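Asks: The lines below spell out each chain.
Number of protein chains: 2
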Amino acid sequence: MPYYIGDVIKDEKSLVARTPEKFRETGVDVLLENGVEAIDRAQKTVRLADGSAVPYDILVLGTGTEAFVPRVPGVGMEGVFVLKTLPDAIAMKSYLREKQCRKAVIVGAGFIGLEMCEALRNLDIETEVIDLSIRPATRWDPEFSKVMHDEMTRHAVRFSPNTGLTSIEEGNYRRLRLNTTRGEVEADMILLAIGVKPNVQLAADAGLQIGKSGAIQVDFSQRTSDEDVYAVGDCCEVYHRVSRKWTHIPLGDVANKQGRVAGVNIGGGAAIFPGVVGAQSFKLFDLGAAATGIDEAEAKRSGYHPVSTIIWGNAIAHSLPGEKRLGIKLVADRATGMLLGAQAAGVKGAVERINTLSCALWAGMRLEDIAVLDFAYAPPFSTAWDPIHIAARDLMKKI
Amino acid sequence: MPYYIGDVIKDEKSLVARTPEKFRETGVDVLLENGVEAIDRAQKTVRLADGSAVPYDILVLGTGTEAFVPRVPGVGMEGVFVLKTLPDAIAMKSYLREKQCRKAVIVGAGFIGLEMCEALRNLDIETEVIDLSIRPATRWDPEFSKVMHDEMTRHAVRFSPNTGLTSIEEGNYRRLRLNTTRGEVEADMILLAIGVKPNVQLAADAGLQIGKSGAIQVDFSQRTSDEDVYAVGDCCEVYHRVSRKWTHIPLGDVANKQGRVAGVNIGGGAAIFPGVVGAQSFKLFDLGAAATGIDEAEAKRSGYHPVSTIIWGNAIAHSLPGEKRLGIKLVADRATGMLLGAQAAGVKGAVERINTLSCALWAGMRLEDIAVLDFAYAPPFSTAWDPIHIAARDLMKKI
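Top line first, the protein sequences correspond to chains A and B.
FYI, the numbering used here numbers position 242 of the first sequence as 242, with every residue one higher than the one before it.
FYI, the numbering used here numbers position 348 of the second sequence as 348, with every residue one higher than the one before it.
Just so you know, these hints were derived from the structure itself, not from any lab.
This list has only true hints and no planted wrong ones.
Because identical chains share one entry, a pair is satisfied inside a single copy or across any pair of copies.
Cross-link-like lysine-lysine pairs, in silico, BS3-like; alpha carbons within 30 Å at most:
1. K245 to K84
2. K283 to K245
3. K22 to K397
4. K283 to K93
5. K103 to K283
6. K324 to K22
7. K324 to K348
8. K93 to K324
9. K324 to K84
10. K283 to K324
11. K348 to K146
12. K348 to K283
13. K397 to K348
14. K197 to K212
15. K245 to K300
16. K146 to K397
All figures in this text were calculated on a predicted structure; none of them were measured in a lab.
All chains, please: the whole structure from these sequences, using the hints.
Replies: Shown next as structure tokens:
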């Protein structure tokens with residue numbers, strides 16, 4: 001009988017509705033609140049916290065990530081949160097309501113931090129974001145970071161750049177005080193959103209290979225360095241089809257696909273996970289932002305000769321009402337014209353364009369094709385020359 | 001000096017703002033309201049309506065299409081319109097207002113007819129669509145036609161299937177009466193929207209090759225059978241990358257691209273137009289509908305072994321508010337798993353998915369790749385398994 005060891009409610013949002021009983025009906029035994037302490041690969045058992053051992057033929061590791069917590073005083077105080085699990089979110093929501101919070105500070109301007117701005121402002125909570133960097137969302141080009149910063153400002157979110165957290169204390173007029181490299185700020189709630197790291201301790205202790213990225217090394221079939229042990233999801237590496245490197249990209253859709261591939265292989269089928277192109281998006285109030293592939297710096301590190309452009313066009317026909325300005329950045333290889341990456345930001349159509357360009361990246365397409373791709377043009381959905389065409393043509397001129 | 005012969009305002013919406021003077025500033029002489037009567041390829045001249053001859057080194061034909069008008073009595077009456085040119089639209093709009101029209105009948109349920117439903121209902125005009133077919137938008141699967149029919153009904157547009165126009169007369173209580181194969185209906189305005197045909201008379205008279213589709217034959221450089229004569233836009237054929245046939249697909253974005261390719265070649269450069277995949281979309285009230293590639297019937301005619309599926313998923317996360325149901329149909333080749341075509345309909349996300357699948361078609365991708373394509377997933381923009389993934393997986397099971 002297969003076992004599921006872990007906390008269903010804690011880590012797997014999609015499993016929330018499924019009780020252990022439901023699992024058992026499908027022949028899966030669920031062992032909750034009894035973590036795995038160690039893997040004995042020689043004996044093919046896992047040792048649980050209560051000292052008992054569970055035997056396995058095939059072991060799947062889905063240990064996920066945990067949120068980085070900066071090592072500064074006060075991060076353990078009440079009112080300081082990370083947002084990784086569903087209980088994290090529930091605890092934060094309860095706290096905000098029960099303590100009638102009026103001001104929040106988010107530490108970290110990555111996509112989780114930025115997505116939370118909207119949630120907090122919708123609760124009418126004064127919101128400030130601090131970050132070590134000079135700008136939000138550093139995966140994106142500075143031109144797009146500026147658009148995001150403007151969107152934050154438009155929704156009364158303050159962004160404090162070049163600001164490091166040094167400690168958290170009790171506040172004077174708010175519950176908490178953040179001491180930073182650029183002065184102090186008080187808040188009722190603090191969200192630490194500075195990133196995640198893969199949970200690899202169990203795998204490392206068992207002698208499984210850990211990749212250069214710090215996540216568990218797997219092959220295309222999701223097998224670890226032990227052929228009877230699989231790893232899937234945020235805890236393991238993934239092959240990046242553009243950089244052609246194994247990397248760590250902890251995203252929910254990637255985890256879903258890896259889980260299916262591992263399942264097919266374990267069930268006696270044959271499947272590979274052919275990798276990702278690094279597609280990612282988030283919503284910041286009215287703005288959609290998305291990116292795919294690699295940027296110039298990563299392209300250089302990966303052996304390409306990158307060249308890039310940013311253009312601003314319209315997501316839909318100029319004559320139609322509403323905000324439609326759409327920015328697209330393309331990165332391509334100068335030697336071959338091959339697309340290497342793309343970014344987009346706009347109220348309409350940014351994510352959709354990046355999905356199309358992700359397909360182009362997957363197929364290894366060149367700018368000369370992207371510049372004339374056949375889209376389902378109609379004025380409510382695009383312009384006759386789509387911003388993708390315009391960007392590709394513009395970049396071709398630079399090659 | 002290059003000449004532009006034709007009526008700038010009449011046919012080229014994008015040129016409306018450019019006066020003949022503006023053209024002349026760029027070195028183009030514009031001859032208006034003096035049509036070309038004949039091409040003398042031996043003398044390399046075109047003869048104008050006033051009897052004068054204009055010499056050419058290179059001739060470009062951009063004669064477009066004209067709207068089909070059924071050969072039934074009464075189609076020339078006041079209040080009966082086609083919608084092909086900007087003056088057509090202006091005349092119709094003036095008529096609707098001046099005659100205080102309350103009821104319109106659209107003959108033809110293709111995408112032009114369906115787009116016009118929204119425009120007419122926005123003017124609070126009672127609208128009915130009649131069509132010879134049993135359903136609207138026959139390019140799309142019956143399942144999507146039903147969704148369109150429902151959307152029409154929801155906006156009080158009546159659809160009369162299997163109905164042929166036999167004549168138009170003066171009406172009793174409305175201005176006009178349509179006699180049809182299924183009874184009569186009265187209306188103040190009638191729009192004939194049963195399709196277009198390429199204007200090839202001039203080319204045919206000059207002995208240029210006309211393709212099987214009925215449009216002017218061109219090669220990948222947009223040259224006709226005479227190497228000094230180019231043709232671009234709705235009057236000429238286009239290479240379909242999926243059916244691998246030259247076909248007639250009169251769409252504005254295709255015309256734009258062909259014009260650029262011809263221009264590069266005429267200017268001494270070298271460019272080819274690599275063809276289309278048949279992408280097309282339209283908006284019907286709140287509904288987006290799009291299609292790309294070929295359907296089962298065309299796939300069979302093109303030598304493939306088609307297999308297809310339709311799935312219904314969500315365009316965005318289930319937990320988010322608003323209408324999000326999205327249908328996707330995929331057609332693939334049973335022998336190779338290669339994608340051959342796709343259709344989609346939904347309030348959100350239909351056109352965007354078809355654009356992505358158009359890119360996949362362009363690249364000749366197979367279902368096994370499409371089923372795991374890396375998209376920029378975030379709940380406001382998609383589900384972790386996008387409807388594209390779900391459809392591709394479903395279709396793989398049938399192969």
